Every structure is written in structure tokens, then in C-alpha cells.
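Student: Chains as they are written, first to last, in the working numbering: chain A, 9 to 239; chain B, 309 to 718.
FYI, nobody ran anything at the bench for these hints, they're computed from the structure.
Among the clues, some could well be false.
As the list claims (entries may be wrong) - Within a straight-line C-alpha distance of at most 25 Å, the following computed DMTMM-like cross-link-like pairs (lysine to aspartate or glutamate) qualify:
#	chain 1	residue 1	chain 2	residue 2
1	B	K417	A	E131
2	B	K560	A	D82
3	B	K637	A	E127
4	B	K587	A	E131
5	A	K22	B	E621
6	B	K624	A	E160
7	A	K70	B	E718
8	B	K637	A	E160
9	B	K637	A	D82
10	B	K637	A	E155
11	B	K310	A	E46
12	B	K310	A	D82
13	B	K310	A	D173
14	A	K152	B	E415
15	B	K624	A	D82
16	A	K70	B	E430
17	B	K624	A	D90
On a predicted model such as this, the values are computed, not experimentally measured, just so you know.
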Amino acid sequence: MSSSEQIVEARGIKKAYEMGTERVEALRGVDISIQTGEFVGIMGSSGSGKSTLMHILGCLEKATEGTYLLGGQDISRVSDHDLSLMRANQIGFVFQTFNLIPQYSVLENVAMPFLYRKETRNEAGLLAERAIERVGLSARCNHKPSELSGGEMQRVAIARALAVDPLLILADEPTGNLDSETSKSIISLFSELNKQGTTLIVVTHEKEVASHCQTVYHLNDGRIVNDEERT
Amino acid sequence: MKWSQVILDAWRALLRHRLRSLLSTLGIVFAVVAVVAMLAIAEGAKREILDQIDILGTNSVIVRTLQLTEAQQAAARRRLSHGLDLADVTSLERAISAISCIAPLKEVKASLSASTSQNPFEILAITASYQSAKGLGIQQGRFICNADVTWKNLVCVLGHEVSRLLGNDGRVGGVLRLENRAYHIVGILQERQWLRSKSSALTVRNFNRAVFIPIGTEVMGAHGRKEFGELSEIWIRIVRNTNVQASAAAIKRILIQRHGGVEDFQVIVPQELLNQAQKTQRIFNIVLGCIAGISLLVGGIGIMNTMLASVAERTKEIGIRRAIGATRKHIVVQFLCESIVLTITGGCIGIILGIGGAVIISKVAEWRTVLTPWSITTSILMAGCVGLVSGLYPAVRAARLDPARALRHE
């Protein structure tokens with residue numbers, strides 16, 4: 009993985025929703041480019057369009073206008089099916105509310121993405137176990153999400169995102185539902201994963217979280233107001 | 309796509325709502341119970357009729373005396389009819405060339421020392437032709453011959469069970485007392501399979517419990533006067549490859565003529581009864597089909613309802629699955645699989661209950677029931693199809709959900 013490789017290349021992204029007769033513009037022209045191995049933060053108040061941006065970057069939604077290249081592939085005009093494949097193969101999601109499947113064990117939750125990929129059951133099991141090991145939850149493989157603490161659940165979610173070795177992990181307010189102590193440990197886990205070469209985008213409104221990012225984009229009313237870069 | 313995983317997941321999703329799943333599949337259960345039990349009954353009835361026809365012979369015609377009241381008998385006598393008699397037999401034999409075998413029979417009401425009142429032996433007065441007509445096998449001795457009939461010999465042939473029940477008295481060479489006469493036992497029949505008949509039109513005699521005597525030996529003596537309806541029955545076999553119906557019509561015509569226009573008899577054609585039975589069967593099948601169809605329709609609506617509820621309450625899960633890479637097809641397959649597993653489970657429960665029902669029916673109502681692999685496969689396939697059809701709309705609806713919006717759903 010060369011450090012100069014461009015993973016995300018978004019130009020002039022606009023997104024508008026039709027709410028009845030009203031047209032709500034969530035994004036009004038956003039440019040973002042992210043390199044391999046980068047740790048990017050996206051900040052903004054609620055309603056600033058940061059969730060929409062994350063959905064577009066994560067291939068959950070398509071932009072109304074603009075071009076979006078993910079790993080060199082233009083996906084602004086691909087079909088729903090191809091978007092699904094992009095999500096299955098290139099993207100890992102981490103959500104504020106963890107979004108684990110309650111009836112599945114930790115191992116099954118982490119192995120879930122493989123249901124929609126080509127790996128065999130055994131391969132899936134091995135890869136899932138390895139991902140669980142990376143987030144330090146090997147001892148909890150057979151527990152149900154309801155038996156875990158919030159921080160542990162988020163680690164499971166991170167393991168699920170990691171398991172398929174994606175190009176990019178997108179985290180939407182990953183510490184939003186956690187206390188400050190646990191938040192810190194999750195953020196340090198992210199930093200560690202980033203050091204191991206994972207490209208991360210974290211959407212947050214917490215300065216504490218943003219302080220760990222190399223680049224932070226500030227979003228306001230559907231536009232990027234400034235981006236700061238640290239080294 | 310890992311099928312085993314998908315099916316396992318479907319199971320787990322259904323087990324999370326055990327009661328709801330069970331209740332929603334109840335319609336399918338009832339439909340399958342109805343289908344399995346009714347197919348078993350229908351098949352049993354069909355086999356029963358076929359077996360009876362087999363015994364009676366498809367190319368046979370039976371003429372039976374009708375039970376007339378005293379007044380009707382008097383009216384018939386005035387028109388010079390004496391009911392079925394041996395003269396009828398002779399003239400039928402002479403007039404219709406298609407008759408290959410004709411055997412008259414008279415049921416004799418006489419008390420027999422060894423016969424029990426609950427389960428009396430049947431005493432049948434016959435001619436020698438009865439043996440070949442019914443294909444009776446002789447175990448020991450001989451059957452009644454023409455000379456016995458001509459000379460009115462007091463001889464008798466015993467059914468297998470009669471001989472066994474009489475013990476030492478029931479051997480060839482023994483004597484059987486009938487009313488006030490002694491009949492010499494000249495033969496014993498082989499054991500013969502007998503099926504209890506449920507349709508009154510097709511009475512199958514139990515030859516194992518019958519005593520045969522020469523026709524004519526029973527009327528002399530006590531009563532003296534020839535009673536009305538000398539014969540109870542004339543059994544006629546028609547030559548193969550001829551029209552049985554036409555022959556039956558000819559027989560009827562001749563007998564009416566001979567009886568002075570009085571129809572004091574009944575012509576039964578087993579072949580016709582078979583056709584009748586098949587027609588009834590067809591109606592039964594249509595009714596069965598309608599019941600099953602309605603139950604399945606209602607059951608299917610129930611399943612669709614449950615699946616729609618399931619999709620609605622699992623919107624978030626659908627969002628999660630879509631986010632981690634499930635395509636629309638994956639979601640469709642997941643929910644379809646769930647509804648098919650649900651209905652097939654219902655189908656399996658239905659089959660078990662249906663088989664139980666069939667067994668109970670055959671025990672309690674003494675109806676013959678036959679389970680065919682065909683009926684079970686049909687039921688399962690039917691249940692699966694209902695699952696497929698009623699699960700399709702909810703599944704497609706689940707797949708059409710916008711992933712981003714589904715994720716935001718709480």
C-alpha cells in the first residue's frame with residue numbers, strides 16, 4: 009500500500025432530498041480527497057449534512073450531482089447492486105448505536121459480512137476470529153451483544169468493519185453513546201488501527217475525537233467551511 | 309450466499325417469535341391436515357371399491373329379488389309373477405348368448421344347531437354352476453354337483469370357518485342338521501379372503517361362514533307351498549369383450565316380460581357402480597380441492613401479514629445488512645426463505661396431524677385410509693408454494709427499502 013494512493017476522490021458532491029413538495033439540500037457541493045492510511049475527521053453540528061456525506065462516501069446513497077471515485081472507480085452512476093458489492097468489499101461501517109444483530113453471537117456478528125461475500129464458512133470464521141482478536145475481545149466470541157458493555161459492543165462493530173479488510177472504514181459518531189472513559193479507549197483503538205495502515209473516516213462533533221485525526225473537515229450547511237491538517 | 313446459513317437464520321428469526329410463527333402458520337397446518345386426511349380417505353375408498361369390484365368381477369351382472377310387502381307380492385301374483393325363479397334362469401340362458409355362466413342362489417332362513425345368534429352362518433341353496441361362477445376352491449371332498457340338484461340329495465358343503473367351528477362334526481362324512489333334516493357333508497371349501505363391505509349395493513358374501521346346499525332341497529317339507537321369490541339372486545357372467553351394460557339391459561327386458569311387467573327385482577352391474585363411484589370420487593376431489601384452496605388462501609394471507617410485520621419491525625436489521633454489503637437479492641432471499649421455512653414447518657406439522665387423523669378415522673369410523681407418498685409430497689410442495697407466493701411481496705418490500713433510511717429507522 010503506497011501512502012500516496014488516493015482512495016477517496018469526491019468532486020462537487022450535491023445531495024438534495026424531496027420532502028413532499030419541498031426540496032431540502034443536504035449537501036451543496038463538497039470536495040474531499042483522502043489518501044491511503046489517512047485518519048480523517050468530519051465535524052459539524054447536527055443538520056450540517058455530515059451523516060449524508062458519510063452515507064455517500066459509504067456507498068449507501070448516491071449523490072444527486074458530482075463525481076465520486078472510490079479506489080479509482082467512479083461509483084456516482086453505478087447500480088444499486090454494484091453499490092452493494094462496493095459496500096461488501098471495500099467499506100466497513102461503525103455506527104453510533106453499534107447496530108449489531110441481537111440474536112447473533114459476537115463471532116456471528118463479525119462474520120456477518122462474509123454472508124454476502126465469496127469466502128467459505130471456514131475462511132469466514134478464521135477472518136472473523138482474527139478481527140475479534142485485533143479489538144481484544146477473543147474471550148467474548150460466544151456472547152450475545154446484550155451481554156456486553158457499550159464499549160465492547162462498539163469493539164465488536166469495529167471488528168465487523170475490519171473483518172473483510174476494507175479499503176476504508178467509516179465511523180458515524182462512534183463514541184456518541186459511550187462514556188468518556190470508554191470513548192478514549194475506542195479512539196485509541198482507532199489510532200492503533202490507523203497506525204497499522206487502516207484508512208479511517210470518523211464523523212463526530214467531539215473535539216476530543218477530532219484531535220486524533222490527521223485531517224479534519226468542518227461541515228456547515230452542506231458545505232465544507234475549512235479543513236485543517238495536522239502532522 | 310450460504311444456503312445452510314440462510315436457512316438457519318430463517319429458523320432463528322422464526323423461533324424468536326415462537327407463538328406468532330405458530331399462530332400464523334396455523335392456517336397452513338389446517339389446510340395440510342385436511343388435504344392429507346381427505347386424500348387418505350379418498351384413496352382408501354377408491355381401493356375398497358376396486359377390491360370389491362375385483363371380487364365381484366367387472367364383467368358380471370347380478371339380479372336380486374326386491375323385498376316386497378305382502379300387498380305388493382299379492383299384486384305381483386295377480387300378474388302371474390312369482391319373483392325370480394329357476395325358470396327365469398333357464399330362459400335367460402337360452403335367450404342371451406353373451407352369458408358365459410349363470411348361477412342362481414337362494415338365501416335359506418333356517419336354524420342350524422351350531423350357528424350362534426350374533427354371528428349366524430349363511431345357508432345358501434345353489435346349483436353346481438355356483439362353484440365356477442365364484443371360483444370356489446375345494447379343500448376336501450367335492451362341491452355340489454348337478455345330480456345333487458336333480459335328485460334333491462340332502463348333501464352340503466361347508467365354508468372353511470364353519471367346518472373349523474363345528475370341529476369333529478364338521479368333517480367330510482359328517483352330518484349337519486338343518487331344521488329337521490340331516491344333510492351329509494360332502495365337501496369343505498378352501499379359506500377365502502373376505503372384505504367387509506360398506507356400500508349396501510355391493511354385498512360381498514363371506515363364503516367362509518356359508519353352508520351350501522343343493523337348490524330345491526330347502527323348499528320341501530315344512531312349508532310345502534312354493535314361497536314368493538324362489539331365488540334371492542341370480543349371478544350372471546358375461547363373455548369378455550362384450551358390452552356388459554347392453555347385456556344387463558337385455559336381461560332386464562326379458563325378466564320384466566316374464567314377470568308380467570312387474571319389476572320385482574333389481575339388476576346390479578358392478579362396472580356401473582365403479583363408474584358411479586368414480587364420479588362421486590371426482591365430486592369429492594373437487595370439494596376437497598376447494599376446502600384446501602380456501603384454507604391455503606387464508607393461511608397465505610396470514611403468512612403475508614406476519615411477514616409484513618416482521619419486515620416492518622426489522623427495518624433496522626435490513627439497513628444493517630444492506631450497509632455491510634447485502635444486495636437486494638440477498639434480502640429477498642432471506643425473507644422468502646423465512647416464509648417458506650414457516651409454511652413448510654406448518655406443512656410438516658400438518659402432515660403429522662393429518663396422518664394421525666387418518667389413523668384415528670380408520671380406527672373410529674372403520675373407514676379404510678391409504679397414505680400415499682404422492683399425497684405427502686403434494687402437501688409439502690403446496691405449503692412451500694404458499695410460502696413463496698405470500699412471502700414474495702413482503703420480501704420485495706424489504707429489499708426496496710432505502711438502505712440509508714432503513715439504518716436511521718429506530
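Student: Which numbered conditions among the earlier hints are violated in the structure presented, ordered from lowest to highest?
Tutor: Hints 1, 2, 4, 5, 8, 10, 11, 12, 14, 15 and 16 not satisfied by this model.
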